[in-house]
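Chemist: Based on these hints, arrange chains B and C on the given structure of chain A.
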Amino acid sequence: MNLDSWEPKIVAFLCKWCSGAAAELAGVSRLLYSPNVIPIIVPCSGRVDPDLIVEAFMNGADGVIVAGCHTPSDCHYIAGNFKAFKRVYMLKKLLSDFGIEPERLKLEWVSAVESQKLKTLFDEFTSTIRKLGPLRVKIRGGSV
Amino acid sequence: MCLSSEEPRIGVFVCHCGLNIAGVVDVKKVVEEAKRLPHVVHAEDYIYMCSAPGQELIKKAILEKKLNAVVVAACTPTMHYETFARAIEAVGLNRYRLEMAVIREFSSWVHTDKKKATEKAIKLVKAAVVKVADNSPLEPVKSRTVRKALVIGGGIAGITVALDLANAGIPVILVEKTPTIGGKMAMLSETFPTLDCAQCILTPKMAEVARHPLIKIYTNSEVVDVSGFVGNFKVKILQRARYVKIGDCRLCGFCERVCPVKVPSEFNRGLSDRKAIYIPFPQAIPPAYVIDKANCRHWVDGCDKCLRVCPTKAIDFNDEDKLVEEEVGVIIVATGYDLYPAERLKEYSYGLYRDVIDSLQFERILSAGGPTKGLILRPSDGKPVKRVVFIQCAGSRDINHLEYCSKICCMYTAKHALIFKERVPGGEAYVFYIDIRAAGKGYEEFIKRVQEEFQVNYIRGRVNRVYRDPKTGDMVVVGFDTLTGQLLTVKADLVVLATGLVPQLPYELASKLKIPFDKYGFVQEAHPKLRPVETVTSGVFVCGVAHGPKDIAETVAQASAAAAKAMELLYSEYIVKEPLVAVVDRDLCSGCRVCIGICPYGALELVEGKAKVNELLCEGCGACVVACPSRAIELRNYSTKQLLEMVKAVVK
Amino acid sequence: MNKPNIVIVHGAICGGCDVALANSEEAISKILENLDLAYWSVAVDSRLSDLKSLGKIDVAVFMGGVRTSEDEELAKWLREKSKILVAFGSCSAYGGIPGLAALTSPIELINLVKSTITTSSQYKSIIELPKLPELSTYRALPHVVNVDIVVPGCPPPIKVVNEFVNVLLKYIAGEEPIGPLVIAGSKAQCETCPRKPKDLSKLQIPSIKRIYEAKIEENRCFLEQGILCLGPVTREGCEHSCINVNMPCTGCFGPLPGFEDVGLRYIAGILALVAVEREKELMEQGLAKILDKLVDRLGVLYRYTLPRSRLYMLKLSLEGSEYAR
Chain A
1 MNLDSWEPKI
11 VAFLCKWCSG
21 AAAELAGVSR
31 LLYSPNVIPI
41 IVPCSGRVDP
51 DLIVEAFMNG
61 ADGVIVAGCH
71 TPSDCHYIAG
81 NFKAFKRVYM
91 LKKLLSDFGI
101 EPERLKLEWV
111 SAVESQKLKT
121 LFDEFTSTIR
131 KLGPLRVKIR
141 GGSV
Chain B
1 MCLSSEEPRI
11 GVFVCHCGLN
21 IAGVVDVKKV
31 VEEAKRLPHV
41 VHAEDYIYMC
51 SAPGQELIKK
61 AILEKKLNAV
71 VVAACTPTMH
81 YETFARAIEA
91 VGLNRYRLEM
101 AVIREFSSWV
111 HTDKKKATEK
121 AIKLVKAAVV
131 KVADNSPLEP
141 VKSRTVRKAL
151 VIGGGIAGIT
161 VALDLANAGI
171 PVILVEKTPT
181 IGGKMAMLSE
191 TFPTLDCAQC
201 ILTPKMAEVA
211 RHPLIKIYTN
221 SEVVDVSGFV
231 GNFKVKILQR
241 ARYVKIGDCR
251 LCGFCERVCP
261 VKVPSEFNRG
271 LSDRKAIYIP
281 FPQAIPPAYV
291 IDKANCRHWV
301 DGCDKCLRVC
311 PTKAIDFNDE
321 DKLVEEEVGV
331 IIVATGYDLY
341 PAERLKEYSY
351 GLYRDVIDSL
361 QFERILSAGG
371 PTKGLILRPS
381 DGKPVKRVVF
391 IQCAGSRDIN
401 HLEYCSKICC
411 MYTAKHALIF
421 KERVPGGEAY
431 VFYIDIRAAG
441 KGYEEFIKRV
451 QEEFQVNYIR
461 GRVNRVYRDP
471 KTGDMVVVGF
481 DTLTGQLLTV
491 KADLVVLATG
501 LVPQLPYELA
511 SKLKIPFDKY
521 GFVQEAHPKL
531 RPVETVTSGV
541 FVCGVAHGPK
551 DIAETVAQAS
561 AAAAKAMELL
571 YSEYIVKEPL
581 VAVVDRDLCS
591 GCRVCIGICP
601 YGALELVEGK
611 AKVNELLCEG
621 CGACVVACPS
631 RAIELRNYST
641 KQLLEMVKAV
651 VK
Chain C
1 MNKPNIVIVH
11 GAICGGCDVA
21 LANSEEAISK
31 ILENLDLAYW
41 SVAVDSRLSD
51 LKSLGKIDVA
61 VFMGGVRTSE
71 DEELAKWLRE
81 KSKILVAFGS
91 CSAYGGIPGL
101 AALTSPIELI
111 NLVKSTITTS
121 SQYKSIIELP
131 KLPELSTYRA
141 LPHVVNVDIV
151 VPGCPPPIKV
161 VNEFVNVLLK
171 YIAGEEPIGP
181 LVIAGSKAQC
191 ETCPRKPKDL
201 SKLQIPSIKR
211 IYEAKIEENR
221 CFLEQGILCL
231 GPVTREGCEH
241 SCINVNMPCT
251 GCFGPLPGFE
261 DVGLRYIAGI
271 LALVAVEREK
281 ELMEQGLAKI
291 LDKLVDRLGV
301 LYRYTLPRSR
311 LYMLKLSLEG
321 SEYAR
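If you read the sequences in order, they're chains A, B and C.
Sequential numbering of the first sequence, starting at 1, is according to our numbering.
Sequential numbering of the second sequence, starting at 1, is according to our numbering.
Sequential numbering of the third sequence, starting at 1, is according to our numbering.
In isolation and in its complexed conformation, chain A is listed as follows (with noise of 0.2 Å):
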């Protein structure tokens, strides 16, 4: 892989209630903002399952983001984001434990007003990913 021409690859799961509609309101208002994120729009980031993020990053995503609303009372259906918080809590820990940095999974609160956060959490996070690198490079282990 030419680490030059290398482009970080990051899926952000954004509810539609929330995060989705900065995300409308942030073309509409014309905020540029790094093409590496592709969003996938779920009705409730507590739709986000584990499984789904761990399938990201088998297929060639550097770096995955979850945005609901803000906690406590935000979300649309009650508390699906203090679901999404645990899972995504869990999960990180459990890539760390697996050997994957767990900084490639983040958790945010955008709320629906909120489209210059999520302009600037795309644009950190794709910058965090890119020092961080690609996710296949990395050797470690190897037969005694």
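Hint data in this document are derived by calculation from the structure and do not stem from the laboratory.
Be aware that a few hints might be false.
What the hints assert, rightly or not - Straight-line distance between alpha carbons at most 30 Å, and here's what the computed DSS-like set of lysine-lysine pairs gives:
id	chain 1	residue 1	chain 2	residue 2
1	B	Lys519	C	Lys198
2	B	Lys648	A	Lys119
3	A	Lys131	B	Lys648
4	B	Lys114	A	Lys119
5	B	Lys28	B	Lys652
6	C	Lys293	A	Lys92
7	A	Lys16	B	Lys115
8	B	Lys236	C	Lys198
9	A	Lys93	C	Lys289
10	C	Lys280	B	Lys577
Because the structure is a prediction, the values reported are computed rather than measured.
Modeler: Okay, now just chains B and C, sitting in the frame of chain A:
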């Protein structure tokens, strides 16, 4: 799950949106790439896909190429999903076989690098294509509603809701725990800030409820079971035996005179006694006496003195508790409050001395129909009260008792002080306070009037001791005046504690209604700003102090709001819902119960050992889908399989 | 002899599966009656060379995980030679407890062993290990070759071993194997768990307690007492042998048919349910504190199944391992 039985035949329509998209994204390339995707049999671009000619292109392609699914790559669903959904429905395609790839807001408007914006657009189209291929053609969920309402609680909140609904033509069942409706407002002497006589404004409403043909009142009753869901609740009401036939009682009171049993009166909060056969207050609705079985001697030694003197033989010792079943479409919770038990405030010695009372007891003293006929007399010895001390925030805003502010105590204390000063010429009134909360209309002016015109002494500081001086018999209040920095000792005849409000909703009933409540027991509203009278359980509403401390004006406003919301639901013949809900495959379910606890709407329950989703309560969040250890639950048109495919489509 | 033959071989074992098989009187006697026990190093006097010289093998039972390159070669050889290959025991089926070492590289493992060896020899600085086989990437048997039957359990209970032999005899008699067939239920432990409340009320998990911290009530669901039981994500079939002696299920029967990664399912469901009634009160900080009570994540979530997990596959693919799937 839910796969369309035929092979997907997908059409992809890429919009230029003038130059909004086409100026950055190479739309021709997107069309080319789309054609190469699995199951895509048609792809084209057009300058304004949402326009009439644009929609015609879509309809034409559906008919000519026999498309059974459509992807429009353009703006957001918020903007035009409905537009395109109607277009495809016009040619017979189900609206859920439509997906939009947001290549404007998510690509052309936010990136300047044309190559990257185009690559991203292609990925978004890919994801939309794999999703729509597995979308089921769904129909909205419909359910009939029972046009009837249940109101739990017969205070001013419940009465207001009941009248609003009944006057709009909706039959109402009003259930009240005590033997009469009226609630705490019936105990009040006057209401702030206008000093209206509480009974004068309340009793006409009570009478209206009594004679309204559409309102059925169950007093001495409680709701003991609730099942079903919005539009179709089945409730069980325990109607306790009254032992007096309501239609036959003439309120003559002979029974009361001869009854040998005396117990403290609940309505007068222990300041006087009542008999075992009693009427809570003369204007009670229903207008009838009631026997308090626990204290009546009939079942102990056969006493039937009351029966022998009753001119209409209205007393019926053979009366029994009844369990009544009713079907309703909505339930409104208006269970109100009681005062915080003042005996827990050890510093104030409530319960130790009869001259330390709470605010509702003072209302009874002020009340013309109360134990002292409106004369302000000491409970201990009946002497007229010349000096009274009011202690505000008694147990409120205190981590040891009630953490919250009960909102009305500053106002009712000012009212108490004003009325005292009016009735006791030369009387002295002291109010110990921490802050004064007087935010309503005319409230600040009221406080000023009480302080200046009526010369009530307001002392900013807390009381740390209340006791009786054994030599003089005076009550002594020791407190700190923070504005002068002095310890004050005030001698008084009477001490009134302005205690806070605690909600009265029983935990079991809240569980049966599946409504959440906060740590204080107040019912949790669906959204604090925008949905203040709804709960997360569809069809269950809340109003009055059951929701949170508030005064009568706010209670009435909230009650009318709840009635309006209930009407919204009851006046549609059907409840119609988006069908994007969760579905359980019972063959895979192991009955582990994880989903039931995860669902914020209580939409899942175990039926014959397996989980089942109530489609009317499910809001489609998908939390249960992720949580199910057996992967037995899926979300319609947002299945795990679809999402996995979408992830692969955007990343690979 | 015209009886079909059966060989029982070992990968990385503890010996428990051999004991389980020997203890199952009904199964072992049916095996001896119907099959020719050609190789079982604990019971039959035959060498590896005898095994390798067999012309054909009808049934090969593989116990233990694939730890060394010898194990790997043996597994592949057996698959080629055998009509029916059985993954016997959780180590073979899912990786088992030795699977917890899969995340440590072979070099680190050897160094760990070296660093803990003590010797009374005067020459303390130099410790010679005997010649060790080459350690390979640790895998469960189905990860290396296709298997026909999976017998889960650590060790497999007698009832399951008996059921396994019945299936085996049917296959021998000519029934077509549709593998891999798992000799366990396809529902979770909760389906028949004696601790499930009669009123089927919703599950509430107020906190997380480690086993020593709780006085565990005998008739109440473990999760409701804060004890992390893997019942909801584990196949039934063991007749709840652990649960019935007041110990929570640790998952030795492996994951349900819908998934392979036990840990991801558990954090998605059970751990997301923890303290759900108090989320707004506790907020992220309070919830994190409760979740931190799960100190041994791998040991609880992946005790027997780590090498079959998706995260392990991800790790292997990141390392550019030839075994990545």
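Chemist: Does each hint fit the structure? Answer for all of them.
Modeler: Consistency of the hints with the structure:
no.: 1; hint: B:Lys519 x C:Lys198; in the structure: 28 Å, holds
no.: 2; hint: B:Lys648 x A:Lys119; in the structure: 24 Å, holds
no.: 3; hint: A:Lys131 x B:Lys648; in the structure: 24 Å, holds
no.: 4; hint: B:Lys114 x A:Lys119; in the structure: 19 Å, holds
no.: 5; hint: B:Lys28 x B:Lys652; in the structure: 22 Å, holds
no.: 6; hint: C:Lys293 x A:Lys92; in the structure: 16 Å, holds
no.: 7; hint: A:Lys16 x B:Lys115; in the structure: 27 Å, holds
no.: 8; hint: B:Lys236 x C:Lys198; in the structure: 23 Å, holds
no.: 9; hint: A:Lys93 x C:Lys289; in the structure: 14 Å, holds
no.: 10; hint: C:Lys280 x B:Lys577; in the structure: 28 Å, holds
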